[in-house]
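Residue numbers (my numbering), protein chains in the order written: chain R, 102 to 222; chain P, 102 to 222; chain X, 102 to 222; chain W, 102 to 222; chain D, 102 to 222; chain S, 102 to 222; chain E, 102 to 222; chain F, 102 to 222; chain C, 102 to 222; chain G, 102 to 222.
Worth flagging that the hints you see were computed from the coordinates, not collected in a lab. Heads up, the beta-carbon is just placed ideally off N, CA and C, and yes, glycines get one too. Please note that the accuracy of each hint is not assured.
Stated by the list, open to error - Restraint ranges, calculated between C-beta atoms of paired labels, are given here:
| # | chain 1 | residue 1 | chain 2 | residue 2 | range |
| --- | --- | --- | --- | --- | --- |
| 1 | E | D117 | S | K163 | 34 to 42 Å |
| 2 | D | D156 | W | K140 | 43 to 51 Å |
| 3 | W | K140 | C | C138 | 14 to 22 Å |
| 4 | C | Q143 | S | E221 | 50 to 58 Å |
| 5 | C | F109 | E | V191 | 34 to 42 Å |
| 6 | S | K163 | D | N124 | 57 to 65 Å |
| 7 | X | K163 | G | Q195 | 53 to 61 Å |
| 8 | X | T206 | P | D156 | 35 to 43 Å |
| 9 | G | Q195 | S | Q122 | 43 to 51 Å |
| 10 | W | Q122 | X | T206 | 47 to 55 Å |
10 protein chains.
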Amino acid sequence: MNPQPSEFRDLLEVFDNPAPQRNFTIEHHCPEFTSVCPKTGQPDYGTIVFNYVPDQLCVELKSLKMYLQRFRNEGIFYEAITNRLLDDFVAVVQPRRLRVESRWTPRGGLNSNIIVEYPES
Amino acid sequence: MNPQPSEFRDLLEVFDNPAPQRNFTIEHHCPEFTSVCPKTGQPDYGTIVFNYVPDQLCVELKSLKMYLQRFRNEGIFYEAITNRLLDDFVAVVQPRRLRVESRWTPRGGLNSNIIVEYPES
Amino acid sequence: MNPQPSEFRDLLEVFDNPAPQRNFTIEHHCPEFTSVCPKTGQPDYGTIVFNYVPDQLCVELKSLKMYLQRFRNEGIFYEAITNRLLDDFVAVVQPRRLRVESRWTPRGGLNSNIIVEYPES
Amino acid sequence: MNPQPSEFRDLLEVFDNPAPQRNFTIEHHCPEFTSVCPKTGQPDYGTIVFNYVPDQLCVELKSLKMYLQRFRNEGIFYEAITNRLLDDFVAVVQPRRLRVESRWTPRGGLNSNIIVEYPES
Amino acid sequence: MNPQPSEFRDLLEVFDNPAPQRNFTIEHHCPEFTSVCPKTGQPDYGTIVFNYVPDQLCVELKSLKMYLQRFRNEGIFYEAITNRLLDDFVAVVQPRRLRVESRWTPRGGLNSNIIVEYPES
Amino acid sequence: MNPQPSEFRDLLEVFDNPAPQRNFTIEHHCPEFTSVCPKTGQPDYGTIVFNYVPDQLCVELKSLKMYLQRFRNEGIFYEAITNRLLDDFVAVVQPRRLRVESRWTPRGGLNSNIIVEYPES
Amino acid sequence: MNPQPSEFRDLLEVFDNPAPQRNFTIEHHCPEFTSVCPKTGQPDYGTIVFNYVPDQLCVELKSLKMYLQRFRNEGIFYEAITNRLLDDFVAVVQPRRLRVESRWTPRGGLNSNIIVEYPES
Amino acid sequence: MNPQPSEFRDLLEVFDNPAPQRNFTIEHHCPEFTSVCPKTGQPDYGTIVFNYVPDQLCVELKSLKMYLQRFRNEGIFYEAITNRLLDDFVAVVQPRRLRVESRWTPRGGLNSNIIVEYPES
Amino acid sequence: MNPQPSEFRDLLEVFDNPAPQRNFTIEHHCPEFTSVCPKTGQPDYGTIVFNYVPDQLCVELKSLKMYLQRFRNEGIFYEAITNRLLDDFVAVVQPRRLRVESRWTPRGGLNSNIIVEYPES
Amino acid sequence: MNPQPSEFRDLLEVFDNPAPQRNFTIEHHCPEFTSVCPKTGQPDYGTIVFNYVPDQLCVELKSLKMYLQRFRNEGIFYEAITNRLLDDFVAVVQPRRLRVESRWTPRGGLNSNIIVEYPES
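If we strip away everything but chain R, and leave its shape as in the complex, we get (with noise of 0.2 Å):
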């Protein structure tokens, strides 16, 4: 299953580069996002690192931190959310690269991360 374009990315909000003339790197550490595993039903809890250098415009943080919340009670697996949460950032605010890492807590004594690269590396 790919990735679906997204319902909740209307919520990101963008404000203009302060700097577009130049390359510089923003990144935004997100410890408190959950969804549900829908295999479960059970609650999963993960870190979100979105690394990227902006274009034209910016993220804004508070609508960053909203559409987060809309995945609380999502039923998505690890890998999907990760593509996911690149996709929507791409298409809105159109960095000129964009790194996301999902870092996430043990389950039956392993835990994992995910790493989503745009362009491709």
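Put chains P, X, W, D, S, E, F, C and G on the given structure of chain R with help from the hints.
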């Protein structure tokens, strides 16, 4: 002795990669691995880290746990286990890239790590 | 809004580089930076790191402290501050290379870092 | 004084590499190394790290421990030990690559690390 | 002010490199360095790290300690000290490569690191 | 508002204490607790620690997890939750002693801990 | 100078203790406190920790934040602030017990903590 | 179910306390304990800490290791194991005082510690 | 040799305790202390911690720094310094209670701490 | 076997306590202790901590180092060493109070600490 085709690998289950159109990275940390030293009969304890770029398939997390538990009473050396984990994973999940690292608790005042990569870097 | 020429930058003082014949690196960590969010009026807190290769001039440390304190009651966004700090430093100290990193304390459960470099890497 | 052929190295035992068809990395940490300073007669304490890519042979862990213990009452300088450990290991294990690092506890308020590589990088 | 030939450097003693036939790395950490700020007369405290590849000579550790202690009541700026330490070390030890890093405790809420390399990278 | 009898507490299951003849201590750490702030509608995140001396009953771990998940979309303040968790636990498990501690992630630059004990110390 | 009745304390808001029938403990950590040294005019930075047993009232968290921000440009010494924070809190919240601790960042190579308790232990 | 007389305890060996004329404390940390959950059949992992004041006997360290390994494939709950370890140790070593603590890795997002003491404090 | 009345103590300045009506605690950490070993002539480095309950007077922080710097080239043993710091502080500040702790960096592989209290506990 | 009068204790030297009129505490950490297991012939490694209140005498630090080095090739068990260190120290230094703690590196996956006190608490 080269690692042999593994009867354990049938335990590994897969699901369809939700984003096969791009290269992205999945990392699973398994800090509760244990096997048995074939020389002394004493248990060994370690952490196994799988870091891979999926192609068409991703490994299912619970099956990975069950697969690793099969080594609990198996007599096998550090170097052989790590290579065997790589061979099994490659055979079943067919990733674009894979790195397996095992980190072992101290024995006789020494502690060891083994790193195997596919394809070789 | 691009960062503007800064009336604060006149506070920055310099002294002669004691070794202009070679490239070497100077790093200043400023963990007590504070400014005000222009949207909410609430204070922001962060660490600023300047990492540079001097040319003919080095920044005088006490003047750097006084300069940074001028932002204490200034309303300005994360992204704009970091770019402005770089522009001011380049204008006064004229380094061969400069990297400015700002690391901010959490707001709404998210925390952010911004990195700007001169010249662009 | 260049490091000499070592009578200690006969203690090192090897076993067949279980996966000679690929390059992989083995790392042994030995935090309990001790020898004697030839100048002061005082004991030195350090951690030795062997990081290597095996060719046809791997070093047997218990023999490595016994080999390292032979230096317990040996008078030898930091720089000479580290080179000698590398020479002995290369002579017996014949690895594709090897890095030996020694990290010493403080003496006179200073602490030292030595790193030797084969072949030279 | 460029760093001057140093009367202190005569304190540095050397011994023959036990393995001049290869490039290897020696690192000395000196966490107890202190000098005096020439502007305020107040003491400064820092850690000095020497990281070098010896050629024919290695620095003798006790003489390095005595040399560094000579700066205890010397008035000299961070940037000048670090360059002077490099110049003295190069003049006496004649290494193939050298990196000197000084890391200073906070003053006025800011803390600084200086890094100088020979030859320039 | 005093905490009310809880409809959630019916989720808590118990098993017979295997050693009721002695006082011993059981501690459960639950780092994945989340509820909703009734004032702002925003999610809160925290760690709950139960530390108790069982009498005739012990709490079953999986039922404790299911019970805590019921607060996921509940609007309730820090102080009220912590008291309610204690009241529910006492009502169902009837321990000899109990200490409930909740530790919350930062909000507005402040972070809070609440500690309730039974019986009062 | 003894601490005076504070015009700032009117900013502190309270709500009804949800469990006044028992003694329990509430702790608020405020790592973003800043005020101004009345002697040097330089900003001070610290963490304030309130640890209290509520009686009939609890302090409202957002009002505590607004109250603490009022000291941002206030000239006041470490010892006086800490006593004043205790006096204000006691006057408004009327707790059964209170401990206020302030931990300050280094000045001149020294860092200080102040602890005040009500009632005196 | 109360803990039963243990057939495993015969593995524990003792030696004569070298200083029975005084009370002193011995602590053994065993971070590699593993058993099996009798409900799920899944392995559990934990650290066991024995802290005791010997009377006429001390436990022999290697026999303690062999004793603990016997639980490797035993189905037993956290609370029952910890009480059983105490009962076995008291029966064989007859200490003046003993404290057994077990600390378990997370299951379902929760992690647990159990503490049992002899005689009861 | 008992500690003597100190000519250095005249450097200590005091200010009026802002809250003499209550007992409260002030702690100053001084991580940059240095003196000279009278036996070897080598510098010693340590952290000094003053923890006291003021009576009518508090120590002024800058004068404490200047006082401590006077020991920079003074030859004095660990045990004697710590007692002398306590005697000087008591003589000038006349606290209700005082604890002085000195923590020294390693010499010859050993590191030491000294703790002196007034009045004796 | 009870600890015997020690021929090593003659190495311990003392000096006059500079403040015998008060009780104060001296702590020496010795992280580089090594001896030999009398059962296996293998070296043991540990940290020894002496914490004492001197009476008329203090232990001289260098002699303490030389005394501890005498155990380097001595075959002796953990429990016996720790009691012997206490007995030797009491015999020579005659402190008001003494606590000796030994902390040993892992053997067979277990690590141990021993604590002995004089007089018994």
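So, going through the hints one by one against the coordinates:
1. E:D117 - S:K163: 34 to 42 Å: Taking Cβ atoms as reference, D117 of chain E and K163 of chain S lie about 36 Å apart, which means the hint holds.
2. D:D156 - W:K140: 43 to 51 Å: Once the Cβ atoms are compared, 22 Å apart, the range 43 to 51 Å for K140 of chain W and D156 of chain D is violated.
3. W:K140 - C:C138: 14 to 22 Å: Distance hint for K140 of chain W, C138 of chain C holds at roughly 21 Å.
4. C:Q143 - S:E221: 50 to 58 Å: Holds - the Cβ-Cβ distance for Q143 of chain C and E221 of chain S, about 57 Å, lies within 50 to 58 Å.
5. C:F109 - E:V191: 34 to 42 Å: Since F109 of chain C and V191 of chain E have Cβ atoms about 40 Å apart, the given range 34 to 42 Å holds.
6. S:K163 - D:N124: 57 to 65 Å: Holds - the Cβ-Cβ distance for K163 of chain S and N124 of chain D, about 59 Å, lies within 57 to 65 Å.
7. X:K163 - G:Q195: 53 to 61 Å: holds (54 Å)
8. X:T206 - P:D156: 35 to 43 Å: holds (41 Å)
9. G:Q195 - S:Q122: 43 to 51 Å: holds (47 Å)
10. W:Q122 - X:T206: 47 to 55 Å: With Cβ atoms ~52 Å apart, the hint holds.
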